[in-house]
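S.K.: Residue numbers (our numbering), protein chains in the order written: chain A, 654 to 1291; chain B, 64 to 388.
Hints in this document: simulated from the structure, not taken from any laboratory. Please read these numbers as outputs of a predicted model, since none were measured by experiment. Take these hints with a grain of salt, some might be off.
[Said to hold, decoys possible] Here are the simulated DMTMM-like cross-link-like pairs (lysine to aspartate or glutamate), alpha carbons at most 20 Å apart as the crow flies: (1) 108/B / 804/A; (2) 108/B / 1161/A; (3) 145/B / 1136/A; (4) 892/A / 153/B; (5) 1119/A / 1084/A; (6) 1189/A / 740/A; (7) 145/B / 815/A; (8) 892/A / 121/B; (9) 1100/A / 1019/A; (10) 1117/A / 1090/A; (11) 1119/A / 165/B; (12) 108/B / 803/A; (13) 1126/A / 165/B; (14) 349/B / 1019/A; (15) 970/A / 957/A; (16) 349/B / 1124/A; (17) 108/B / 793/A; (18) 1189/A / 739/A; (19) 908/A / 171/B; (20) 1126/A / 121/B; (21) 108/B / 938/A; (22) 1221/A / 948/A; (23) 108/B / 739/A; (24) 1100/A / 1032/A; (25) 908/A / 165/B.
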Amino acid sequence: MAKIAAVLGLLAVLLVGAALTDGPQAPADLTFIENVDPNTLDPQRMSYTQDFRLCYGLFEGLLRWNIFSEDFHVVPSLARRWTVSDDGLVYTFHLEPSAKWSNGDPLVADDFIYSWRRAMMPETAADYSALFFCISGAQEFFQARVAQLEEYASRPAEERTEAAAIMLRAECERLFNETVGLRAVDDHTLEVILARPTAYFLDLCAFGPFFPVHRPSVEAWVTVNPETGALAQAHGWTKPEHWVSNGPYVITSWKFKRELRMELNPYYWQPEIVRSRSIRVVYIEDMNTSILAYETGVADWHSDAEVEYVGDMLRQKREGLRDNAWNFSTFGTYFWSFNCRPRFSDGRPNPFHDAGVRRAFARAVDKEDIVRKVRRSEERVADVLVPRGSIGGFESPRGLTYDPDEARRELAAAGWVDRDGDGVPENERGEAFPTVELLCTAVGPHKNVAQAMGVMWERELGIKTKVAINETKVYRHRLHSKDYMMARGGWYGDYLDPTTFLYLHYTDDGQNDRGYSNPEFDALLDAAALELDPAKRMTILSEAERFTMEEEIPVLCLWNYDQYYMYKPPSKPYGSPNPGGLRNLSKHPRLVQYLWLLEVVQPGDPARPSIDADAFDFAEDEGGIGGVSTGQSWSGSQ
Amino acid sequence: MIGLILRRLAQLPLILLVIYTITFVLSWLLPGSAVMSDEGRAPPKEVLAAMNAQYNLDSPVEFYVGYLDNVTGVRYVRETLKGDRGNPPEYIFDFGPSFRYEDWTVNELIASSLPVSIVLGFGAILIALVIGLGAGVIGALRPNSVADLLTLVVAMVGISLPSFVIGTVLLMVFPVWLGVGQVGSWGNAANALLPAFTLSLPFAAYIARLTRLGMIETLGADYIRTARAKGLPERIVIYKHALKNAFLPVLSYLGPATAYAMTGSFVVERVFNVPGIGQHFVGAVKNKDLFLIMGIALIYSGMMVVFNLIVDLMYRWVDPRIEQA
Chain A
654 MAKIAAVLGL LAVLLVGAAL TDGPQAPADL TFIENVDPNT LDPQRMSYTQ DFRLCYGLFE
714 GLLRWNIFSE DFHVVPSLAR RWTVSDDGLV YTFHLEPSAK WSNGDPLVAD DFIYSWRRAM
774 MPETAADYSA LFFCISGAQE FFQARVAQLE EYASRPAEER TEAAAIMLRA ECERLFNETV
834 GLRAVDDHTL EVILARPTAY FLDLCAFGPF FPVHRPSVEA WVTVNPETGA LAQAHGWTKP
894 EHWVSNGPYV ITSWKFKREL RMELNPYYWQ PEIVRSRSIR VVYIEDMNTS ILAYETGVAD
954 WHSDAEVEYV GDMLRQKREG LRDNAWNFST FGTYFWSFNC RPRFSDGRPN PFHDAGVRRA
1014 FARAVDKEDI VRKVRRSEER VADVLVPRGS IGGFESPRGL TYDPDEARRE LAAAGWVDRD
1074 GDGVPENERG EAFPTVELLC TAVGPHKNVA QAMGVMWERE LGIKTKVAIN ETKVYRHRLH
1134 SKDYMMARGG WYGDYLDPTT FLYLHYTDDG QNDRGYSNPE FDALLDAAAL ELDPAKRMTI
1194 LSEAERFTME EEIPVLCLWN YDQYYMYKPP SKPYGSPNPG GLRNLSKHPR LVQYLWLLEV
1254 VQPGDPARPS IDADAFDFAE DEGGIGGVST GQSWSGSQ
Chain B
64 MIGLILRRLA QLPLILLVIY TITFVLSWLL PGSAVMSDEG RAPPKEVLAA MNAQYNLDSP
124 VEFYVGYLDN VTGVRYVRET LKGDRGNPPE YIFDFGPSFR YEDWTVNELI ASSLPVSIVL
184 GFGAILIALV IGLGAGVIGA LRPNSVADLL TLVVAMVGIS LPSFVIGTVL LMVFPVWLGV
244 GQVGSWGNAA NALLPAFTLS LPFAAYIARL TRLGMIETLG ADYIRTARAK GLPERIVIYK
304 HALKNAFLPV LSYLGPATAY AMTGSFVVER VFNVPGIGQH FVGAVKNKDL FLIMGIALIY
364 SGMMVVFNLI VDLMYRWVDP RIEQA
C-alpha cells in the first residue's frame, strides 16, 4: 500500500507542477469573449465575422469605413488620398509614406499587389477570390492559372520536378504582371485598373481580404509542390513568434481555444488613434459558460450572446434589472430556399419551378407570428432580401406580405386546386401536390420555424410538409447539389451594395443554391454592372430586388438577423462616466468593430463623448482618431 | 517483465495500423466536403478542386498511403536523406493540417490540448481514488450502517447525474455565488479543481463500489482473522493486509479509467471551457476534419495500449504472485 501511496503522491506533485507552469496571462486593457476560435488569421482566406474582427485590429488596408456613419462610407486609412478616372476604371491610391510593418520594414505598394495576387490564385483557396474579379485581367489570370496547373499535372511524372515547378511559378508571376491591372507607380502609389466600373470598389478596399500581408513572412512558409506544381502554403507565420503585420496591433500570444493576446504594434504609424494598448480575447465555446463568465467579470464585452434566454435578458434590461444586454439589427437575412429547378434530383416534376406556387407559399406564411412566437425574438420581419434601409440610395420594394386569400388564389391560378375533395390540391392531371420536405439542421430555430410554416401551409393551402433534420455536412451537400425541396438558409452581406445579396439569384452563381435562373433577372444585373450613373444603377437594382421579391420569390425571407452583445454602457443615465462600461462600439447593421477604438471606462475617467460619425471623419483636427483631412478627392468619386 | 514490455511495444504498430485503417474508412465515408466550411462562403469550384488535389482528397488510396508516409516518419527520413534537394516536413511524425482551424497543424493542436487533458484526467483519477477508496473502506467496515448508506447514495448520484448538471451547479455555487475561482478560465491549479472534481465523480463512485466489495470479501478471509488473532492493531490489519488485496480490482480498472478520463471529458471540457483534447473527438467528426480525426484516434489508441501496459506492470509490482502465474 505504501508503494501505491508513494506513486500517487509523486503524481500529485507532478500535476501541481504542470499546472503552475501554465499560469494565466496578465490582464489587458480590454478583454472580450468570442464563442469560437478564428478559422484563420490570414486575411486573404478569411470569411468569418470573428476572423475579420481580429483582421481590422492586426492589419490596415487602403481604406477603412466610418463605422459610426449611417451610410458607412469609406475614409482614408493607408491610402491618404486617391483619384478615380472619369470612366470609373482607373483608381490611383497614394499611400502613407511613413507606414511600416511591425518588424520595421517599410510598407510599399508592392505589398498590396503581392497580397491581392495571393487572393487570385486558386491554390490559396480564398473564399472571396471572386471579389477580386472586378480588377482588370483578374478572372483571366485565375482561369489561366487553373489551366496552367492542369497542363502541369498532365505532364509525365519524370518532367514534374522541383525545378519545373519553380519555373511554373515564375511563369505564373510573369502571367500575372502581364494580365492583371495592378501597378506600383512608385513605392507609395498604387494604380488599379478595373475590368468594369464597380460602384463598390472603394468599399472593397476597406474589406479584410484586400488587406496586405507581409511578403517575406508569408513566403517563408510557401513551398512548391513538384507533383501538382501548385504552391503549398503553410500557416506558421500566423503564430506569435513569426507574426508581422501592419495594423495597430501585433499578436503576442495565441493559445488554441483559450486566449489570444494583442499588443500595440511598436511600428504602427498612427499610435495616437489606439485607445486600448493591449487586448485579450477569451474563447468560450459553451454559450451558458460564456454568459456566466461575462457575468462574473471575466470580460468587458461578450461579442455573441445568442442564448435561448437572451430574450429574457433583454426584457430584464427594459425593466431596469440589468444594463448589459443589447441587440442590434444586422446586415443579414434569414430565409428558406425553394428548389427552383424544373425537376427534383430524383426526377419528379418540381411544382416550385412555377413562380406562382412560390408566391402562394410566401403569401401563406404569417412571419410576424413566427418571429414573435416561434423564434421569440425582437428581430425585424423581412419581406425583402436586402435589409431595408441598410444601403443609402437603394429603395427596397414592399415584398409579399401575409395574405392567405391571395395565397389560395395564386395556387389555384398555378393550376393547383383540390379536385377530389380530400383537402390536398391537385394539378390538371389529378396528381396531388407532393408532401414538401423541409430540409434543415438541428441547432438553431430551423426545426420550429419549419413546423410552424408547415402548419400554416396545411391550414391555408392544404399542402402537407415534413421536416428533415440533417447533420450540417449532409445539409450543406444536399443544398449544393440541389437535392432538396425547401431548405433553410441565410445570408450576410459582404460589401455595402445590393449586389452582395442580389447575385445569389444570378444564373449559375456559386452561391445560387436554388438553381434559380431567369434571363430577365440576369439582364437587370448585367445592365446595372454597366451603368455608370450611381442613381440610375440603384434604380435598376431596386427593380431587380422587386422582381425577385414580389414576382419570383426564389427565397422566402423571414427576418433580419439580430446580433446580441453584452457590455456595460459607457455612461450612466445622467451622462456621468460608468466605470467598466465600453466606449465606441458601432451599432451599424454591418456591425464591424474596430478593436483599436474600443475603450473600457476607468474609475475617475473624465466624461468624454463616444465617437460619432463626424468625430470619425474629422477627428484629425481635434487630435482624436486621426485619419481625414477635409477636401478629399474621394468625395468626388462614385 | 522486460519480455512483456517488448511484446506489447511490438504489438503497438500493428494495433495502430488496424485502428488507422478502420478510422480512415469510417471518416472517408462521412458525408460532405472536408475542405469546405459549413457556414462560410462557398469558394469557386476551381479552388475546391485545387484543395482536393493538394490533400489527395480525390483518391482514397493515395490519401491512405500518403498519410501513412507522413505519420510514420518515412517521408521525413526519405526527404532528409536526399540532402539539399530534399524537402522534409516540419515534423518527423507529421499528422497533417487541420481543415477547420486553418492556421494550425494537427501536431500543434494535439500538443496544445493533450497536456491539458492529461493534467485534468490524472487529477480526476487522483480525486476519484481518494474519494472512492475512503468511501469504500468506510462502507466495508460497517456494512449497512448510516455511513455505508450515505456513501452508497453519494456513489449513485455520482454515477447517475450527468456531468453537465453537476458542472453547471458547481459553476453557479463557487464562482457565481461564492465568488471563488473564475468561469471559463484555465491555467492554474485552482481552475483545474472544479472540472477535475466533476470528472472524477463517476470514477469515484465505481472505485467505491469495487473497494467496498473487495474489502468485505477480504475481511472475511482466514488470514485476516489470523492477523487479528496475532494481536495486530486494527489499523494495520485494514490498511496493510486487507486493503492491499481489495485494491487489485481497482488497479485493473485504473488503466482504462485513466485513459478514459484523459480523453472522454467532452462535456466537462465544454462546461468548464477546458482546452483539452475531448472537444476534438466530437468537433473533428462534425467538421469532417480528416487529419484531426485520425490524429486523435491514433493518439488515443496509443495511450490506451500504454496505460494498460503500465497497469499490468503495477499489478506485478503490487502482487508478485501474478508474475509466477
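S.K.: Now, for every hint given, state plainly whether the structure supports it.
M.R.: Checked hints:
{"no.": "1", "hint": "108/B / 804/A", "result": "holds (18 Å)"}
{"no.": "2", "hint": "108/B / 1161/A", "result": "holds (12 Å)"}
{"no.": "3", "hint": "145/B / 1136/A", "result": "violated (50 Å)"}
{"no.": "4", "hint": "892/A / 153/B", "result": "holds (15 Å)"}
{"no.": "5", "hint": "1119/A / 1084/A", "result": "holds (19 Å)"}
{"no.": "6", "hint": "1189/A / 740/A", "result": "holds (16 Å)"}
{"no.": "7", "hint": "145/B / 815/A", "result": "holds (13 Å)"}
{"no.": "8", "hint": "892/A / 121/B", "result": "violated (30 Å)"}
{"no.": "9", "hint": "1100/A / 1019/A", "result": "holds (16 Å)"}
{"no.": "10", "hint": "1117/A / 1090/A", "result": "holds (9 Å)"}
{"no.": "11", "hint": "1119/A / 165/B", "result": "violated (37 Å)"}
{"no.": "12", "hint": "108/B / 803/A", "result": "holds (14 Å)"}
{"no.": "13", "hint": "1126/A / 165/B", "result": "holds (18 Å)"}
{"no.": "14", "hint": "349/B / 1019/A", "result": "violated (34 Å)"}
{"no.": "15", "hint": "970/A / 957/A", "result": "holds (17 Å)"}
{"no.": "16", "hint": "349/B / 1124/A", "result": "holds (8 Å)"}
{"no.": "17", "hint": "108/B / 793/A", "result": "holds (15 Å)"}
{"no.": "18", "hint": "1189/A / 739/A", "result": "holds (17 Å)"}
{"no.": "19", "hint": "908/A / 171/B", "result": "holds (10 Å)"}
{"no.": "20", "hint": "1126/A / 121/B", "result": "holds (18 Å)"}
{"no.": "21", "hint": "108/B / 938/A", "result": "violated (31 Å)"}
{"no.": "22", "hint": "1221/A / 948/A", "result": "holds (11 Å)"}
{"no.": "23", "hint": "108/B / 739/A", "result": "violated (35 Å)"}
{"no.": "24", "hint": "1100/A / 1032/A", "result": "holds (18 Å)"}
{"no.": "25", "hint": "908/A / 165/B", "result": "holds (14 Å)"}
Going down the numbered hints, you'll see the structure goes against 3, 8, 11, 14, 21 and 23, while the others check out.
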